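Undergrad: These are the residues of each chain, in order.
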Amino acid sequence: MRHIEEFTAFARNRTQALLRSAYLLTGDQHLAEDLVQASLARTYLAWRRLADPANAEAYTRRVMYRLQVSSWRRRRVREAVTADLPEPRHPGTDPTDAADLRIALRAALLRLPPRQRAVLVLRFFEDHTEAEAADLLDVSIGTVKSQAARGLARLRAIAPELADPSTQEGSLR
Amino acid sequence: MTAPVSQRLRAAMEDLAAEVAPADLNERAMRTARRLRRWRRTASVVAGLAVLGGGGAVAASLLPVPGGVPAASGTGPSACPAVAVYAAPGPSAGTAPREATGPVPGTGPLFYLAATRSSTALVSWTPGQKPVLLRNLPIEALMNANVSPDGRWVSWVTSPGGTLHLAALDGTGTDRVLRTGVDGRLLEPVWSRDSGRLLVRDESSQRVGTVDAGTGTFTPLPTDLVGARHAVWAADGSAIAFIAPDGGIVVARPDGSGQRQVPAVAAFLGQGRKVASLQSMSGTGAGFASLDVFVTAPGQDPGGCRSLLSNATVRTSDGRQGLDETQGGGQYRAYQAGFRGGQFLHVDRDLGRPHIVGLIGANGEFLGDADEPPELADYLLLCNGGGVGEAAGTPMATDVPPTD
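Quick mapping for you: the protein sequence lines, in order, are chains A and B. No gaps in the numbering here: position 70 of the first sequence is 179 in the numbering used here, and each next residue is one more. No gaps in the numbering here: position 240 of the second sequence is 1568 in the numbering used here, and each next residue is one more.
Accuracy of the hints is not assured; some may be wrong.
[Said to hold, decoys possible] Looking from chain A toward chain B, a few residues come up when the C-beta cut is under 8 angstroms (computed):
1) R129
2) T238
3) S255
[As the list claims (entries may be wrong)] Estimated spans, in silico, between C-beta atoms of each pair:
4) R265/A x D1540/B: 50 to 58 angstroms
5) N122/A x D1583/B: 22 to 30 angstroms
6) G1565/B x R259/A: 36 to 44 angstroms
7) T1500/B x R265/A: 36 to 44 angstroms
8) G1544/B x D236/A: 19 to 27 angstroms
9) D1540/B x A208/A: 53 to 61 angstroms
10) D161/A x P1350/B: 42 to 50 angstroms
11) R175/A x G1565/B: 46 to 54 angstroms
12) N122/A x E1531/B: 27 to 35 angstroms
13) Q1335/B x N164/A: 28 to 36 angstroms
14) A118/A x D1574/B: 50 to 58 angstroms
15) S1645/B x N164/A: 28 to 36 angstroms
The set of hints was computed from the structure by calculation and includes no laboratory data. Predicted model only: the values in this text are computed from it and were never measured. Here a beta-carbon is modelled for each residue, glycine too, at the ideal position from N, C-alpha and C.
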């Protein structure tokens, strides 16, 4: 059962790195674990088809992002139906230190549409090019560009402390 | 956004991503893979039957019903489009077949909280209707607000001074201070099942007791609940459960007597997990109660405030787990759940699915479900209170607090 041993080694070595991205996508430990778990499961099923186990991480990340994309698409119409309720935000944020900035960022990311959130994570956390991000999300490069621009603009509006160097320079590590 | 700002965003993302706790998902992933494989085989068989004709009934019984919560034994993968499977608490959990999808029968309004920029929004939602913003509470009320079981009152505590507020939810706008010197941090006031009293800790005496919702009079329990945190009343009012100073779960009679540990905690501790909060407790008619709790992941800090998430159900008699996130390889997780009278209410907030509120009977039978409005996705369902009597089909309390 060599493929099981290979997969186990891969999963144990790369789960934490995958979780970091998943955490940014979901904003929640349990949801992140669910997402990585579901992605790893599909990678396991595809393991023998992977020409080179070295491709496993790229394959898993692709699955992870597409699972997110597919869930957005399923929920898209539902999300369009909104009531006049205040949008939740984490309480007690005083953006004067790094911990509060994390809270502000998490709250801001979660208020972005999931596709914009994913694009920002791919571009600014994983350092993918626009073309690579487009491939991973199965969208056009133009979509990545527009989603990134809109996402950054919304981040600026939602969490100005992330974008205002004059007030927050010292709080970022 | 300029390049320096991009760098700040990247740095902030790295900082945020570093929060995620390590997890070993290898076994969970492999179990999920086996379920996926089984589902794919089943789906292909069902599809074949449907194509051949005459298989519609079979297909309908096996394929997911949009927006539904099947009741079945075991658990299923969350991201898999097969079935979200529910293991209900109790000895006959998860044995009943799925019944028709529809609004939760007999469910009164559910109550939700969420922090907004400057306040805590209290929202009610009745399945089949649109959510309604009832009122805005102070921001700190997120940590201690509770709605009375009859759905007519909301209580919360503000600091400094531990001021216990009471406000009517009937549109009269009646607000008043019920008492001061009440602990709103560790033992958030929780309503008795008759909506007539609140279990609180008096900060001056450090005694746990009840406050009469009509007069504000504090009456200490004959036997104190020393160091109690995050207490809940049983759905039938027959018991109180709380987290003890040592992290264990203790169950007591309503007068505080008969305190005993629930053995589940030892198992959790053995797994490196801690009970962070109690969400709700069933009635004790079966000789034991089931507690809906939130248990941390191994190594996770339980934090100092209540959690409104739940991920495990334990029996008070023997600590047996009727529902746990780790069942089925961790694929299923009831993100919020609570007992309403003799029934079990849960919100399926599983990955990639519409959020669903389901009602499960005492014997594990599926009673009904409803799609939770997506705008409530980030709101917190108050499981330990509002609407319990209505949902359980029991008479509504009549001894509600008087208005000023």
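Undergrad: With reference to the structure, classify each hint as holding or not holding.
TA: Structure-based check of each hint:
no., hint, in the structure
1, R129, "holds (4 angstroms)"
2, T238, "violated (14 angstroms)"
3, S255, "violated (14 angstroms)"
4, R265/A x D1540/B: 50 to 58 angstroms, "holds (51 angstroms)"
5, N122/A x D1583/B: 22 to 30 angstroms, "violated (56 angstroms)"
6, G1565/B x R259/A: 36 to 44 angstroms, "violated (52 angstroms)"
7, T1500/B x R265/A: 36 to 44 angstroms, "holds (43 angstroms)"
8, G1544/B x D236/A: 19 to 27 angstroms, "violated (60 angstroms)"
9, D1540/B x A208/A: 53 to 61 angstroms, "violated (41 angstroms)"
10, D161/A x P1350/B: 42 to 50 angstroms, "violated (27 angstroms)"
11, R175/A x G1565/B: 46 to 54 angstroms, "holds (49 angstroms)"
12, N122/A x E1531/B: 27 to 35 angstroms, "violated (51 angstroms)"
13, Q1335/B x N164/A: 28 to 36 angstroms, "holds (30 angstroms)"
14, A118/A x D1574/B: 50 to 58 angstroms, "violated (40 angstroms)"
15, S1645/B x N164/A: 28 to 36 angstroms, "violated (51 angstroms)"
Hint compliance for this structure: hints 2, 3, 5, 6, 8, 9, 10, 12, 14, 15 are broken, all remaining hints hold.
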